[in-house]
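Given chain A's structure and the hints, the job is docking chain B onto it.
Listed in order, the protein sequences are those of chains A and B.
Per my numbering, residue 250 is the first one in the first sequence, and the count goes up by one each step.
Per my numbering, residue 2 is the first one in the second sequence, and the count goes up by one each step.
Hints were generated in silico from the structure; no laboratory data involved.
Take the hints with a grain of salt, since some may be wrong.
Non-contacting residues of chain A with respect to chain B, defined by C-beta distances greater than 10 Å in every case (computed) [unchecked claim]: (1) A461; (2) K527; (3) R619.
Keeping only pairs whose Cα atoms sit at most 20 Å apart, straight-line, the calculated DMTMM-like set for lysine to aspartate or glutamate is [claimed, not checked]: (4) K576/A x D469/A; (5) K732/A x E719/A; (6) K292/A x E133/B; (7) K108/B x E388/A; (8) K134/B x E291/A; (9) K410/A x D54/B; (10) K392/A x E105/B.
Now the stretches of chain A that chain B is said to cover, found in silico as 3 or more residues with beta-carbon under 8 Å [as the list claims (entries may be wrong)]: (11) 286-296; (12) 377-390; (13) 408-415.
Quick caveat: nothing in here was measured; it's all calculated off a predicted structure.
Heads up, the beta-carbon is just placed ideally off N, CA and C, and yes, glycines get one too.
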Amino acid sequence: MKRISIDPVTRLEGHGKIEIFLDDKGDVANAYFQVPELRGFEKFAEGRPVEELPRITSRICGVCPEAHMMAAAKACDAVYGIELPSTAKKLRELQYSAFFLGDHTTHFYALGGPDFVCGPDAPKAERNIVGVIKKVGVEVGGKVIKTRRECHEVAQILGGKPVTPVNAIPGGMSKGLNKEERDRIEKIARDGVEFGKFTLKVFEDIVLKNKAYVDLILSDPYTFPTYYMGLVDANNKVNFYDGKVRVVGPDGKEHCKYQPHEYREFVAEHVEPWTYLKFPYLKKIGWKGFTGGLESGVYQATPLSRLNAADGMATPLAQAEYEKMYKTLGGKPVKHNLAMHWARVIELTYAAERLLQLVTDPEITGPDYRALPTKIPTEGVGIVEAPRGTLTHHYWTDENGIVTKANLIVGTTNNHAPICMSIKKAAQGVIKAGKPVTDALLNMVEMSFRSYDPCYGCATHSLPGEMPLEVTVYDKDRNVLHKLTR
Amino acid sequence: MNSKTIILGLGNTILTDDGAGIYVVREIQSLITNHQSLITIKEASVGGFNFIDLLTGYDRAVIVDAIHTKDGKPGEFYELDISALKPSARLSSLHQIDFATAVELAKNMGVAFPKEIAIFVMEVEDEFSFGEKPTPEVESAIPKMAESIVANLKERGWIDHA
Numbered sequence: 250m251k252r253i254s255i256d257p258v259t260r261l262e263g264h265g266k267i268e269i270f271l272d273d274k275g276d277v278a279n280a281y282f283q284v285p286e287l288r289g290f291e292k293f294a295e296g297r298p299v300e301e302l303p304r305i306t307s308r309i310c311g312v313c314p315e316a317h318m319m320a321a322a323k324a325c326d327a328v329y330g331i332e333l334p335s336t337a338k339k340l341r342e343l344q345y346s347a348f349f350l351g352d353h354t355t356h357f358y359a360l361g362g363p364d365f366v367c368g369p370d371a372p373k374a375e376r377n378i379v380g381v382i383k384k385v386g387v388e389v390g391g392k393v394i395k396t397r398r399e400c401h402e403v404a405q406i407l408g409g410k411p412v413t414p415v416n417a418i419p420g421g422m423s424k425g426l427n428k429e430e431r432d433r434i435e436k437i438a439r440d441g442v443e444f445g446k447f448t449l450k451v452f453e454d455i456v457l458k459n460k461a462y463v464d465l466i467l468s469d470p471y472t473f474p475t476y477y478m479g480l481v482d483a484n485n486k487v488n489f490y491d492g493k494v495r496v497v498g499p500d501g502k503e504h505c506k507y508q509p510h511e512y513r514e515f516v517a518e519h520v521e522p523w524t525y526l527k528f529p530y531l532k533k534i535g536w537k538g539f540t541g542g543l544e545s546g547v548y549q550a551t552p553l554s555r556l557n558a559a560d561g562m563a564t565p566l567a568q569a570e571y572e573k574m575y576k577t578l579g580g581k582p583v584k585h586n587l588a589m590h591w592a593r594v595i596e597l598t599y600a601a602e603r604l605l606q607l608v609t610d611p612e613i614t615g616p617d618y619r620a621l622p623t624k625i626p627t628e629g630v631g632i633v634e635a636p637r638g639t640l641t642h643h644y645w646t647d648e649n650g651i652v653t654k655a656n657l658i659v660g661t662t663n664n665h666a667p668i669c670m671s672i673k674k675a676a677q678g679v680i681k682a683g684k685p686v687t688d689a690l691l692n693m694v695e696m697s698f699r700s701y702d703p704c705y706g707c708a709t710h711s712l713p714g715e716m717p718l719e720v721t722v723y724d725k726d727r728n729v730l731h732k733l734t735r
Numbered sequence: 002m003n004s005k006t007i008i009l010g011l012g013n014t015i016l017t018d019d020g021a022g023i024y025v026v027r028e029i030q031s032l033i034t035n036h037q038s039l040i041t042i043k044e045a046s047v048g049g050f051n052f053i054d055l056l057t058g059y060d061r062a063v064i065v066d067a068i069h070t071k072d073g074k075p076g077e078f079y080e081l082d083i084s085a086l087k088p089s090a091r092l093s094s095l096h097q098i099d100f101a102t103a104v105e106l107a108k109n110m111g112v113a114f115p116k117e118i119a120i121f122v123m124e125v126e127d128e129f130s131f132g133e134k135p136t137p138e139v140e141s142a143i144p145k146m147a148e149s150i151v152a153n154l155k156e157r158g159w160i161d162h163a
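Bound-form chain A, shown alone:
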């Protein structure tokens, strides 16, 4: 068989693109961001029994299968009008907390973290998790791998397989938890809480104790006021699995709070000719173009947005750090996008604490882990917080439960307009007329994008790596001035 070499960026189809256009003087006039998008999900779903969708949607994306499964299962509950038994709800949230812990761990240590740990202008080859372990110590790599493995183990215990789970079903879960399994998860949760404390310390030592980094977080190119969205529980505390969607403005005031089935009264989608991805916005304010602030319907749904949209965290360590963050960064809401990494670390800690809360709840080993559907199916909406934003699944069925229509608003799509705008703002802030465009500067543009932890994971399968990204800067005549590829 032939053996060949390829350069992923120049030869592979389907990479992400950031394009920056300069004006006559050499300042940034505009910036665009494009990614390939999956096609035809709605048609694919039509004609299938609705109860298949939690299994199918969990396979849409290799990065956040649990989020799709949970949103789909909740939409199915709603389609059949089922009220879940308390044990079933808690088991789902237990599994979901483990997923969040693992996912945020990946982002902080492998993706966003390297910019801070290794430095935003460190050579590209060092700005990754290998660079992180070289700087922080090899034991950090061991902790990261162990935490991720144990989060998968929780999924394995609950669902029989470590990734791409299929155990959330209409009305609850496919199996319950016995005492032995519970004990094992409790041990994992306790280790997770310790790992959360360790991560808060890493963040404190490396980012917060470095004035240059705090200044970078607070700097104008990364400051970006919009509305902020997130799920909250009955006490307006952050919840990943259930509750109402709350949106607060850049002034910190509540704009709306809605039940999942009401989402279309509050969120609409704008279309642009240069991309297939849509741009959701707040319907009652309207689409005013790519602009932020109180008058524009653009909102963000991110870890930082969730913290901004809530009144606090439901667990003690996370709550203490939440208060510290707002005190350090000048009160609520925080509009500095690089604070997203801090918010993510707070959420990581919350996920571990919540995992422990749930696994030590006496109801968790209860026998009522599923209610059987008895009503005639119609239509239903399920909403969860995916690690990178509010995830909405909406299904319509006929009276036999066969899907007639499906609509999804995925986590990253919420942030599509803010991502485009943040890239432009960061580009305007760091690329200046008369100053050479360097790889380090372009990385600083990319950091604004990376803070969202954008997951086009569904578009990243077809190579033994992940989706490459190309950043191109053009002069006023559209000649390529500089290109950065990864």
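Chain B in isolation, oriented as in the chain A frame:
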């Protein structure tokens, strides 16, 4: 031959051609004899960090995946030179680490990671549309690729000539 080998098919079988690697390892399964107990065949729809979990504990790994290059002809298959993955070792975004970074991380961590890795890929036409059936060129190349990989692995002595 005491080396433990994993043959891993990567992809997503609900994204048209994206499942090519998985279909190929299913064919390989039917081509190799049962007594080769040191060979494990697995399917996965994941990347990045998960490679470490999936490949740990094996001496050799054979990875079969789909690829889409600009000049690629759908159904064409070849072995990918693993050093070619180096440029993307820098990738630190889009949510996952890439394969080369995963390999480097595993080495740095002293994880029992395969010492020998071979990557076989098939050029595909459509890996972005939902669908459970590959496009015709890809579909007809699946058995050919499976046979070719088995022959290649026998040549290397990674599987028996039984």
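In rising order, the numbers of the hints this structure does not comply with: none
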